[in-house]
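K.L.:
Next come the chains, spelled out residue by residue.
Number of protein chains: 2
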Amino acid sequence: MNERNLLIVSTSTVHGKPYLSYCEETIKSFFEGAKEVIFIPYARPGGISHDEYTAIAAKKFNELGFKMRGLHEFEDPKSALAVASGVFTGGGNTFVLLDQLQKLGLIETIKTRVSEGMKYMGTSAGSNITGLTINTTNDMPIAHPETLDALALVPFNLNPHYLDPDPTSKHMGETRETRIKEFHTYNNQIVVGLREGSWLRVEGEYIRLEGPLSARIFEQGKAPYELTPEDDFNFLLK
Amino acid sequence: MNERNLLIVSTSTVHGKPYLSYCEETIKSFFEGAKEVIFIPYARPGGISHDEYTAIAAKKFNELGFKMRGLHEFEDPKSALAVASGVFTGGGNTFVLLDQLQKLGLIETIKTRVSEGMKYMGTSAGSNITGLTINTTNDMPIAHPETLDALALVPFNLNPHYLDPDPTSKHMGETRETRIKEFHTYNNQIVVGLREGSWLRVEGEYIRLEGPLSARIFEQGKAPYELTPEDDFNFLLK
Numbered sequence: 001m002n003e004r005n006l007l008i009v010s011t012s013t014v015h016g017k018p019y020l021s022y023c024e025e026t027i028k029s030f031f032e033g034a035k036e037v038i039f040i041p042y043a044r045p046g047g048i049s050h051d052e053y054t055a056i057a058a059k060k061f062n063e064l065g066f067k068m069r070g071l072h073e074f075e076d077p078k079s080a081l082a083v084a085s086g087v088f089t090g091g092g093n094t095f096v097l098l099d100q101l102q103k104l105g106l107i108e109t110i111k112t113r114v115s116e117g118m119k120y121m122g123t124s125a126g127s128n129i130t131g132l133t134i135n136t137t138n139d140m141p142i143a144h145p146e147t148l149d150a151l152a153l154v155p156f157n158l159n160p161h162y163l164d165p166d167p168t169s170k171h172m173g174e175t176r177e178t179r180i181k182e183f184h185t186y187n188n189q190i191v192v193g194l195r196e197g198s199w200l201r202v203e204g205e206y207i208r209l210e211g212p213l214s215a216r217i218f219e220q221g222k223a224p225y226e227l228t229p230e231d232d233f234n235f236l237l238k
Numbered sequence: 001m002n003e004r005n006l007l008i009v010s011t012s013t014v015h016g017k018p019y020l021s022y023c024e025e026t027i028k029s030f031f032e033g034a035k036e037v038i039f040i041p042y043a044r045p046g047g048i049s050h051d052e053y054t055a056i057a058a059k060k061f062n063e064l065g066f067k068m069r070g071l072h073e074f075e076d077p078k079s080a081l082a083v084a085s086g087v088f089t090g091g092g093n094t095f096v097l098l099d100q101l102q103k104l105g106l107i108e109t110i111k112t113r114v115s116e117g118m119k120y121m122g123t124s125a126g127s128n129i130t131g132l133t134i135n136t137t138n139d140m141p142i143a144h145p146e147t148l149d150a151l152a153l154v155p156f157n158l159n160p161h162y163l164d165p166d167p168t169s170k171h172m173g174e175t176r177e178t179r180i181k182e183f184h185t186y187n188n189q190i191v192v193g194l195r196e197g198s199w200l201r202v203e204g205e206y207i208r209l210e211g212p213l214s215a216r217i218f219e220q221g222k223a224p225y226e227l228t229p230e231d232d233f234n235f236l237l238k
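Protein sequence lines, in the order shown, are assigned to chains A and B. When you line the first sequence up against full-length UniProt numbering, it's residues 1 to 238, in that order. When you line the second sequence up against full-length UniProt numbering, it's residues 1 to 238, in that order.
It should be emphasised that the hints constitute simulated quantities derived from the structure, not laboratory data. Treat each hint with caution, since some may be false.
Claimed, not checked - A short, non-exhaustive set of chain B residues, derived as facing chain A with CB atoms under 10 Å: (1) H15; (2) R44; (3) S124; (4) D139; (5) P141; (6) E196.
Said to hold, decoys possible - Selected chain B positions facing chain A (Cβ under 8 Å, derived; list incomplete): (7) T136; (8) H161; (9) K181; (10) F183.
C-beta atoms are modelled at their ideal positions from N, C-alpha and C, and glycine is treated no differently.
This is chain A alone, in the form it adopts within the complex (with noise of 0.2 Å):
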């Protein structure tokens, strides 16, 4: 049985409000019992350093009862997953993350301890890492990880910080819809596009939205179509 307890966060930070504000009672509950939470910060937003980033998530997961460690600090960071209640891998580059989570060798070690309830928060590319691979990810590829399959903790794809066509825009670069139909020429996994503002709360074989916003849904071959929180997203774990 897949243990899985997963929050996965479209973004840490919305528009006016301080990093992971708007949704740190979720974050409270969600890790409650957790002595210490294990902070990822491999994605390096803007190319900050491991340290500098962990220093962010920590001043505010302290401020939440919890004490954080970044992954970097554990001299083999295999051993420091192997006991760890609980995860957080903040957003940054998905593909700086994914090229360092293979390189050290952790995608199967993270994989099996999520599947034995080693909690697990994403946000952003955090979040992304979650799906089955990140060719739905909105970052430029500034590097190259041997393949682009991801932790597959879900049997989806992710597309964080969703982003609805303007109207008014005169720029002539594809739409994010656009770019995930295109997704669809080659690849068969249904895309979930997360608003700013929502996340998904995976507990073993149930999931559903939360957060203020509907979520969009594009499944190959069909028009995409939007699924609030009152509705079951339980078919995307079958």
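For chain A, the structure is supplied; the task is to place chain B on it using the hints.
P.N.:
Just chain B now, with coordinates in the frame of chain A:
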């Protein structure tokens, strides 16, 4: 001596105007004397077929007085390129485009032919691949080329459809400038942000910006800056 002769265009289409119309005089004079222009349709915008995409490009090129066939129509694309006097690579998905060129073994063929004087025009993805690598594409990584190394027809990277930050936006995804700065955490080549409506014209060791707009230049460890069509761009080829 490098006989390169390039037209590196940000976008095929500017807002409110038909396909390639805004730069048609430039295209006409660029390909002047070419009996036929070969179209490279592999970027497949929106996932359309090679035939469909070639029909769109050929319609426009025929209007401008050029014959056009798609490279996919030739049994042996290498031989077709060996005698081609001009090539146009259309936009779409940069990963899909590069992956296909790699799989068909055409990277070296195009590089060699361009150095011998075969005219090369690209728009969007077709411009992206003229740079050293495609690490600075805006596209979604829906394919996974073996390497992100590109044609290196010029010794820098491109960012077509360059988009200035929108000061009114409440979206928390990274701005284009932030993404390119992240790129420079790991890479040191210059990136040219080429706005829609702009193109670079390269002849041997000379390069200039054309169109009504300035370009944004990103150098590692420097604040980004603007260069106008009146400025000297030749340092980019040094």
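K.L.:
Which hints, by number, does the structure contradict?
P.N.:
none
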